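Participant: Spelled out, the chains give:
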Amino acid sequence: KQEVTQIPAALSVPEGENLVLNCSFTDSAIYNLQWFRQDPGKGLTSLLLIQSSQREQTSGRLNASLDKSSGRSTLYIAASQPGDSATYLCAVQGAQKLVFGQGTRLTINP
Amino acid sequence: EAGVVQSPRYKIIEKKQPVAFWCNPISGHNTLYWYRQNLGQGPELLIRYENEEAVDDSQLPKDRFSAERLKGVDSTLKIQPAELGDSAVYLCASRRWDEQFFGPGTRLTVL
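The listed protein sequences derive, respectively, from chains A and B. The working numbering puts the first sequence at residues 1138 to 1247. The working numbering puts the second sequence at residues 17 to 127.
I should point out that these hints are in silico values taken from the structure, not numbers from a laboratory.
On the chain A side, residues computed to face chain B include the following (Cβ under 7 Å):
| # | residue |
| --- | --- |
| 1 | Leu1186 |
| 2 | Gly1238 |
| 3 | Gln1239 |
| 4 | Gly1240 |
Ranges of calculated distance between the beta carbons of each label pair, as one might list FRET restraints:
| # | chain 1 | residue 1 | chain 2 | residue 2 | range |
| --- | --- | --- | --- | --- | --- |
| 5 | A | Ser1189 | B | Ser43 | 27 to 33 Å |
| 6 | A | Tyr1168 | B | Gln57 | 18 to 24 Å |
| 7 | A | Ser1207 | B | Arg80 | 37 to 43 Å |
| 8 | A | Pro1151 | B | Ser82 | 47 to 53 Å |
If you're wondering where the values come from, they're calculated on a predicted model, not measured in any experiment. Cβ coordinates follow ideal geometry from the N, Cα and C atoms, glycine included.
Isolated chain A (complex conformation) (with noise of 0.2 Å):
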C-alpha cells in the first residue's frame, strides 16, 4: 500500500527565504507525482506535476525534482513571499488512483 509522507508538518521563515518542502513515498511504482496547494478554506491548486519520466519541473519561483528510485520529492521556493504562506501537498499516481501526504502547513513572515 502506498504511503506518502511530508516533512516537516510546519515550517514558519521570513520573507525572502529560499525554502526547500520534502516529500517521501514507499511505491516507487508511479506514473507521476502532483503539488499542490490549498489555501484554508479553500480546494486544492496544482502547482507541478512531475512525470515518472521526468527528474524535475519548474514554473516561475517553484522547482519540483523526483527521484522514484529513492521515493523522494522536493519542492523548492525561491525568494518565498507572505502570499506564499499555505498548506502544500504531494500526490503520487498509481493505477488511476492519487494518495496525498498530509502536507505542509508553510508560513511566511513579512
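Given chain A, work out where chain B should sit, using these hints.
Facilitator: Chain B in isolation, oriented as in the chain A frame:
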C-alpha cells in the same frame, strides 16, 4: 475554462440527518473523483467515475454513503444517516490527461 463547481460550500446538520453534495466537473473531463479530507490530513479517495460508471468505490462506506453520476457529467454524493465522524471537507475533482483539478469543497459539520 470554468473550474470544478461544488455546492453547497458549507453544511451544518444534526447527526442521523441526510445530506447531499453536488459537483459539476470541468467540461469535457470524463473522470470524476470524490475525496474526503479530514482536518490536518490529505484528501482520501472515496469514489472514481469514468463517465457514468463507478470504477473504484472500494473506499466508499456503502452502508451510509452513495453516489451517482447519471449522465456522465455532474455527480451527487449522499450520506444517510450522517454520523459525527463524517465531519470533514468533501472535495470533487476531475481529470484531464494526468492532472487532477479540484473544486473548492464542501465543509460538512455534523453536530
